[in-house]
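Engineer: Here's the letter readout for the chains.
Number of protein chains: 2
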Amino acid sequence: MSDRDGRKRVIIERVSPEIDCGQYAAKITVGERLTVEADVFCDGHDRPWAALLFRREGSPRWSEIPMQPLPNDRWRASFLVTDQGRYEYSVLAGVDHFGTWHHDLRKKIHAGVDVAVDLLIGGRLIQRAAERAERDGGGDGRQLAEWAALLGSDAPVAEKLSLIQDGRLLSLLACHRDRDLALRYPRVLRLIAERERARFSTWYELFPRSTSGDESRHGTFRDVERRLPAIAGMGFDILYLPPIHPIGLTKRKGKNNALVAGPDDPGSPWAIGGPEGGHTAVHPQLGTLADFRRLVRAAADLGIEIALDIALQCSPDHPYVRDHPEWFTRRPDGAVQYAENPPKKYEDIYPFNFECDDWRALWAEILGIFQHWIEHGVRVFRVDNPHTKPFRMWDWLIEQIHRDHPDVLFLAEAFTRPKVMYRLAKGGFTQSYTYFAWRNEKWDLTEYLRELTATEARDFFRPNFWPNTPDILTEFLQRNGRAGFLQRLVLAATLAASYGIYGPAFELMESTPRHEGSEEYLNSEKYQLRAWDLDRPDSLSDFIARVNQIRRENPALQSNRNLAFHTINNDQLIAYSKATEDRANVILCVVNLDPHHTQSGWIALDLNALGLAGDQPFQVHDLLSNARFQWTGARTFVELDPRVVPAHIFRIRRRLRSERDFDYYL
Amino acid sequence: MSDRDGRKRVIIERVSPEIDCGQYAAKITVGERLTVEADVFCDGHDRPWAALLFRREGSPRWSEIPMQPLPNDRWRASFLVTDQGRYEYSVLAGVDHFGTWHHDLRKKIHAGVDVAVDLLIGGRLIQRAAERAERDGGGDGRQLAEWAALLGSDAPVAEKLSLIQDGRLLSLLACHRDRDLALRYPRVLRLIAERERARFSTWYELFPRSTSGDESRHGTFRDVERRLPAIAGMGFDILYLPPIHPIGLTKRKGKNNALVAGPDDPGSPWAIGGPEGGHTAVHPQLGTLADFRRLVRAAADLGIEIALDIALQCSPDHPYVRDHPEWFTRRPDGAVQYAENPPKKYEDIYPFNFECDDWRALWAEILGIFQHWIEHGVRVFRVDNPHTKPFRMWDWLIEQIHRDHPDVLFLAEAFTRPKVMYRLAKGGFTQSYTYFAWRNEKWDLTEYLRELTATEARDFFRPNFWPNTPDILTEFLQRNGRAGFLQRLVLAATLAASYGIYGPAFELMESTPRHEGSEEYLNSEKYQLRAWDLDRPDSLSDFIARVNQIRRENPALQSNRNLAFHTINNDQLIAYSKATEDRANVILCVVNLDPHHTQSGWIALDLNALGLAGDQPFQVHDLLSNARFQWTGARTFVELDPRVVPAHIFRIRRRLRSERDFDYYL
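If you read the sequences in order, they're chains A and B. Residues in the first sequence are numbered from 1 upward in steps of one, following the working numbering. Residues in the second sequence are numbered from 667 upward in steps of one, following the working numbering.
Heads up, a few of these hints could be off.
Here are the simulated DSBU-like cross-link-like pairs (lysine-lysine), alpha carbons at most 35 angstroms apart as the crow flies [what the hints assert, rightly or not]:
(1) A:K419 with B:K1085
(2) A:K442 with B:K1108
(3) B:K1010 with B:K917
(4) A:K108 with B:K1108
Calculated from the structure, these hints are not laboratory results.
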């Protein structure tokens, strides 16, 4: 009969997290607790018990954690995830006959009702637990049987009443619950635990070929190596490089995306493949594979990981085009089908035909590309336009790679429709690009962040906020000068646990578009070499270093949980806080969204989110300016001049010392 | 390979309605359309196609309805449910290669790009459809092949462009889509279609024993028969009787729930069972089983169905107690365990032990009780406290009964915690009691109705609103006189498609509680016979008849879909509307929630919900007072004096005639 036994009366519903009926795994990082909730109830006024089950995938044994009741038939338990890898979890529940009896008994005693018969009933329940314990082996059975006998004896009622409150009895009963009529939630849910950097990471993107300091000399991996100390000094821990492979010559694009390249134009790194090789080769002008490995090691010594950009597309000169014509679509005119976004044509790029008969070989080859770079020390991939390749390929590929390398992280570079972006994340991408670049007003920042941090999206979608990328120079950055850059940096770095900038364009406040109304950079590095004056006195590098240091030193900023917005009576000011679960670290940010004028207003702090009591004075310490203020209560005045710095990043320091805290007071 | 074929690129997610991952069936009634939505998308910029699949349960063949795209990758289709019974539905989708090509082509033509090669590609796509059509049989293959040849020929481009816009081509292509790479949503979802009265019903409850007109004479089914015309005249279509079975003598309760009954006290009808029989017997003082059948027939002649109350509990004198001791719990003192809600004891009632070893026989016996009354003509059951019996028994029992009698309706009398009430509804109860009786303020009425009509609850939970029951004389009715009764009646009758009253206590405005702070009636019919003066001039029966006539004549009030609230700047006034899907019938209600004072305010009408344009004058016709008003635009003033009538029930009549509507205008 098992689950069809009609005596199994408990109901388990709405387990969370559960993504699409358990089709996809929830995500977590090592060191975090997974909190699982469920609706658990039974008919009548019987009380249920419930336990969270969890185990490493493949383990034969479930661990069991008692769930605690919340209001409205909701139950909760959590467990600390200590290791990378895949876990399973579910919920087990049953009717708590002893708990129900115990609860009723207290009500009867309180009402002065005679409980002699009830104590006999309790004795029976304990006797049954004794029998179960006997069956389980161990010494508990004997102890429980003794207690059952006491309740059944003519011992004084007071003695019996004191027994049934005995913690040892209650613990033993919990150990030997009646599991015959327990039920398990019908689905086993999955969890992927990744390393900490999946949650908290600080990205810097640069074009290696623009690192020589000389526009006429192609930069190399050695040049990048020389830049590492400065990048580490700014506080970045992932250095992401656009594709490092040979670049095609056929239909190569010129400066500013000109249709015809000049003789010295280096072409777009995303037009991958030439006679020197394809996705597993290194562009000769950057150096050798050995140079690349050296760069990976040098970066690691500074706490930086190298992230590679995997763009699954080919220049017409890619070896695949010759060796695997079956992977491409051929047009009726005999040409290979190039990429299109009608009416735009990208004739320097051939997409794969993922509906080709040979799709298995194609998938295997693509898996091989990732494995190749993993063998060469790469553990972080930024995947270019993953939404133009089949979702189910990513599901499969990421699972394949995680089987041997659970430490590999994948960033999905998809700027597309919301459900498509979410589906990629569900399929296993560690982090995802977002719409942050275009969220500039208080209402839309608030709404978007609520969606990302307070809906079920937070269990599978880890946002990575980029104020700019080589493709995205927003109108906001074009128009709002230094204050605009500072503001966007602070928002990205404090709203999201992972963020990144495309530099040196960002710290040097590059802001000229190719033309009015375009989000493309003028003289974009995508099509030409650039030399950057990194020592410019107006560089934002020191400010960035300070912000990243604040992120490192304050665990509240290393997670997107516990983000709370605080009301402020000026639409140009936004206030929000993040806090660790124990409220030991609490950060409150106030940002002036107007890059041109001083703005001021009154905040109504959500003291609960800050872990503060209403009447308690507290110190706020601005980690940017190092100024300290003493505040009391929820209402406080703030003013920010964007020409100085458009943001406060306050650390809240509770519990100021008073005279009573000193020894001599006593 | 089937669904694991990597070339299947479409994604289908978030199908609605889907209750608990398809574990429970959604509900509908005959004559309604089931609207199904799903997120459907594929990778890249390819466009999907999607179809809703549905069939009668057990049918081998799916019907297929094309889904239409909505914004944000959502797709929708609906089908009309014409028959009672159980249905299944799901979603099928694939990549629409021709549609994608067609869409791209238009963009290219618009941009003036040469499309010669594209037309050849289109020819190939049509040729492939031709081959599929050939395989399917029929003549479509030949026609498609001809068209494919035309696109491949050197016919003038204009001719080709006109072909690809030809509706016949597009229809044939839709008929012969590429299904090899289509995918079906992984779950088959279920739908229960019930008859119309499941959705729209008007209930009247009375105690048959109090229908003789003489407190000293036990009423009979014949007496009830005589009352039928008046009940039908008030517009009720379900007459629900408390349990009609023999009543126990042991521990019988006296008047006003006295612990000891007097010699003439009739006892509570819920203390079921005596020497004359149990749940399948008729209390001799009410008449015979033949009398009961006669009542059922007489009621049917007036359009009224008799609803029986099934209370699964036994008096100590019930034959089950003797014949099936194994179905009850025995206490250590040898007594059978009576019902308790500690510290309260209900010694006149023995509950079943649903965890007994003989649970199968117990379930079968309970099923037999329902079947017995079905055989005697009953098609509506009000189940007493279903939440104190196992949920899974109801799941099973309702399915068993619906197998042979899909017309049987079940009303769940559960006033308990929200998730428990919802679980009963998911398990198959047709209608459910609600918290309506205790929702008296604008904010809580609004919030509760939004929960019932605008969350997924609406797909499985059909509310039945009762302003009073024999157990519930609310504080509100106790304190607020005639206006209070009128107001609660209008709210119940217009907010919910199904509602009921316990009469004649309701229409005679019985409002005295057993004691201050109690919701029990003084001299409750639960424990004694009553005689009612039905001809009292202040009876609300005429008003009730009017309201029920309005409900019958206005289909908008016969469904809970399309309920909309309208803003009104006075918290004592509530305004809401209901409309049929085609907006042919639109009802706007305004109710004064203050039973003591005239209240007035300005409504800001949601014109869209009313199917009105902003500048169009329209007539509102108060169906209670028969007054007519002409309004224009969204803002309008209302005033209601509760001493006259505390509500407007307006029918909105759009499109007033103007001079242009008359022949002589032209």
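Engineer: Taking the hints in turn, state whether each one holds.
Structural biologist: Quick rundown of the hints versus the structure:
Restraint check: the Cα-Cα separation between K419 of chain A and K1085 of chain B comes to about 30 angstroms, which is no more than 35 angstroms; the hinted pair holds. Between K442 of chain A and K1108 of chain B the alpha-carbon distance is near 31 angstroms, which keeps this suggested pair within the 35 angstroms criterion. With a C-alpha separation of about 15 angstroms, the suggested pair K1010 of chain B and K917 of chain B falls inside the 35 angstroms cut-off, and the hint holds. With a C-alpha separation of about 39 angstroms, the suggested pair K108 of chain A and K1108 of chain B falls outside the 35 angstroms cut-off, and the hint is violated.
Violation of the numbered hints given earlier is confined to hint 4; every other hint is satisfied by the structure.
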